[in-house]
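**Student:** Sequence:
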Amino acid sequence: MEKKFSNKDVAQLLRNVSAAYQVKGASSFQIRAYDLAADAVEHASSDVRALWETGDLDKIPGVGSHIANYLDEYFTSGEVRHFKTVFKDIPDSMFELLRVPGIGPKTAYKLAKTGVANTQDLEKQIKSRTLLDKGFGQKVLDNILRGVEEFKRRSDRILLPVAWGVASQVIEYLKKNKNVTNADPLGSLRRKVATVGDIDISVASDDPKSVVEHFLKFPGKERVVEAGERTATISVDGGIRIDLMIQPPERYGSLLQHFTGSKHHNIHIRRIAREKGLSLSEYGIKLVEEKGAQFSQDTFFKCETEQEFYRKLGMGYIEPELREDQGEIEAAMAGKLPDLIRLEDIRGDLHTHSSWSDGQDSIADMTKAASSFEREYIALTDHSYPSLNYEKRLKEIEQYNYSQDNIRVISGLEVNINADYNLQITDDILAKHDIIFVSIHTSFRQSKDEMTQRIVRAMENPHVDALAHPTGRLLLEREGIEADWEKIFKRIGQLGKFLEIDGYPNRLDLPDNLVKEAKRFGVKFTVDTDSHRTEHLKLMEYGVSVARRGWLQKEDVINTLPYPKLKDILGIRD
DNA sequence: GCCGTTTTCGGCCCGACTGTTTTCAGTCG
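Residue numbering for the first sequence follows our numbering, beginning at 1 and increasing consecutively.
Simulated from the structure, these hints should not be mistaken for laboratory data.
C-beta atoms are modelled at their ideal positions from N, C-alpha and C, and glycine is treated no differently.
What you were told as hints is all true, and nothing was included just to trick you.
For lysine-lysine, the following DSSO-like pairs were computed, each having C-alpha atoms within a straight-line distance of at most 27 Å:
# : residue 1 : residue 2
1 : Lys524    : Lys336
2 : Lys368    : Lys395
3 : Lys110    : Lys88
4 : Lys8      : Lys59
With beta-carbon atoms standing in for the labels, derived distance ranges:
# : residue 1 : residue 2 : range
5 : Asp449    : Ser65     : 24 to 34 Å
6 : Asp207    : Lys4      : 48 to 58 Å
7 : Glu53     : Lys432    : 39 to 49 Å
8 : His82     : Thr54     : 20 to 30 Å
9 : Ser65     : Lys432    : 55 to 65 Å
Build out the structure end to end from the sequences listed, making use of the hints.
**Tutor:** If you want it as C-alpha cells, here you go:
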C-alpha cells in the first residue's frame with residue numbers, strides 16, 4: 001500500500017495525466033506543466049508524502065495550487081476525481097504501451113483502442129499482421145516491433161560506471177576517425193547521475209557525414225535506430241541506446257551545453273536568456289529581439305567552449321555535476337559557485353575490506369594496491385564478525401605498518417547497528433581500533449522513527465566515527481531505508497562526526513541530494529570506495545562525483561587531509 | 001497548469017529525424 005505513494009508512483013500518475021491530456025488535445029502548456037511537475041516530484045529530495053503531511057507540497061517547483069490540491073485528494077482518499085474524468089474513455093493498456101521506446105501517447109492510444117492489451121499482445125499482433133489494415137503502415141509497425149524487442153531486453157537504467165565504460169569505448173572508437181577533433185559524453189552521464197538511461201556522445205567535427213558513417217560501423221552495434229546529417233542513434237548489447245550529436249568545433253561549446261542538460265537547468269537558463277532577448281540552441285546564442293544596446297542586430301555567438309557560453313549569459317562556468325536547477329544558476333550569476341572537490345584532492349581511503357572478513361584480498365595486497373594509486377593512507381574496516389580474531393588482525397596491521405613506510409594503514413571496523421539499537425560488538429573491542437564505521441545491514445524496513453533512533457544512538461557511542469552507506473540503498477535493486485535525515489544530520493553535525501559517501505557502484509550512498517542537505521547542517525564527509533578487492537580501489541572517482549553533485553568542496557571531506565591532520569581529527573593515538 | 005527583479009495576466013525552450021496524410025504529426029532529447 002505504501003508503495004503507491006512513493007515519489008516515483010506519484011510522478012507516474014502525473015505523467016499518465018500528461019499522456020491522457022495529449023491524447024485529448026489539451027493545451028501544450030498544460031501538458032508540459034504536468035510533465036514538469038512529474039519530474040520535480042520524482043527528483044524531489046524529500047518524500048512527497050511527507051511534504052504533503054506538513055503542507056509543503058507547493059514548495060516543489062512546478063507543483064502549483066491546482067496539482068497540489070489534486071495530490072491532497074490523492075493522499076487523502078487514494079484517488080482524484082478530476083483525474084478519473086481525464087482517464088475516462090482511455091484504456092489502461094495505453095499506459096503500459098507507452099513504456100515502449102518509440103511509442104508516444106498518440107500511438108499508444110491508437111493501439112489500445114484497436115484492442116492491443118499489452119506489450120506481449122502488441123508483439124503477437126504485429127507478427128500476425130493483424131494491425132496492418134488498421135491504420136498502421138508496415139514501416140511504422142517494423143519500428144514499433146524493434147522498440148518492443150528493445151523494451152523486453154533492457155533494464156530501465158544502467159549504473160554510472162557501466163555506462164561510463166561503454167561510453168569510453170565508443171569515444172575511443174570515434175577518435176580513430178581523423179575528422180573527429182573532440183568527443184565527450186553528454187547528458188546524465190556527463191552530469192554523473194548515479195544511474196543513466198542511455199548514452200549520449202558529442203563530437204566536434206567539420207565532416208559530420210563521415211563521422212556518422214564511422215559511428216554506424218561501431219563494432220558493438222546491434223542496430224541503427226536512426227541516422228541523419230549530424231545526429232545518429234544506434235543500440236548496442238543489452239538494448240543500450242547510444243545517441244551521437246555532431247557540430248563543427250566552433251560550435252562545440254554550444255553543443256556540449258545544450259545536451260548536457262539537465263532539462264530543468266536548460267529551461268531555467270533559457271528563460272533568463274529570453275529576458276535578455278536571446279535564444280539558445282545547440283548552434284549557439286542568437287539575438288531574437290533588441291533589448292538594451294549590448295548586441296547588434298545580426299549577432300550570433302557560436303561558442304566554441306561552454307565557458308564562453310555561460311560568460312555570454314553573465315554567469316560563471318557551471319560544472320556539469322551542478323546543472324540540476326538546484327540553485328546553481330543563481331549562484332553562477334552571483335559569482336558564488338562552489339570550488340568543487342576533485343579526485344586529486346583525495347589522499348586516502350577510509351572504508352575497505354580484506355580477506356579478514358568478506359574481502360577477497362589480504363591486507364598487504366589491498367595496501368600495496370592503494371599505494372599504487374598514490375594514497376597516503378588506507379583504513380581496513382572489515383566487518384565486525386563476532387568470530388573474528390581481533391587481536392591477531394590488529395597485530396598484522398601493526399606489523400605491516402612497521403614493515404614499510406609507503407602508506408599508513410589505519411585499523412578500523414565496519415560495525416552493524418542491530419535492530420535493537422545495539423552495536424554488533426562490545427565497546428572494549430571498538431576502543432582498540434582507530435576508526436569505527438557503523439552501518440545498517442539488517443531490518444531495513446523498520447519504521448521511520450525507530451530507524452532514526454537506531455542510527456542516532458549508534459552515532460552517539462563515543463567510539464563511533466562515521467555512518468557508512470547511510471541509506472543502505474542498492475541501485476536498481478533495493479530502496480534505501482526511511483529515516484528522519486534532518487534529525488540525523490543535525491545530530492551528527494553536533495557530535496562533529498562524519499557521514500560517508502560510499503563510492504561502490506551500486507551504492508553511491510549517501511545520495512547526492514542528501515549530501516547537499518547534510519552539508520547545510522555543517523556535517524563533514526568521508527568519500528570511500530568500500531572496496532572488497534584491489535580492483536575496486538580505483539572506483540574512488542564515482543564517490544567523488546557524488547560529492548561534487550552534492551556541492552562539496554575539498555574542506556568538506558576529511559580524507560583530503562594529510563595523515564597528521566586526519567589523525568588529529570579522528571583522535572588516533574600514536 | 002505554472003509563475004513573477006519591469007508582470008496576478010500572458011507568456012511559456014528549441015530542434016532533429018521518421019514516415020507519409022507532400023506541409024505536417026509524432027516522438028525524442
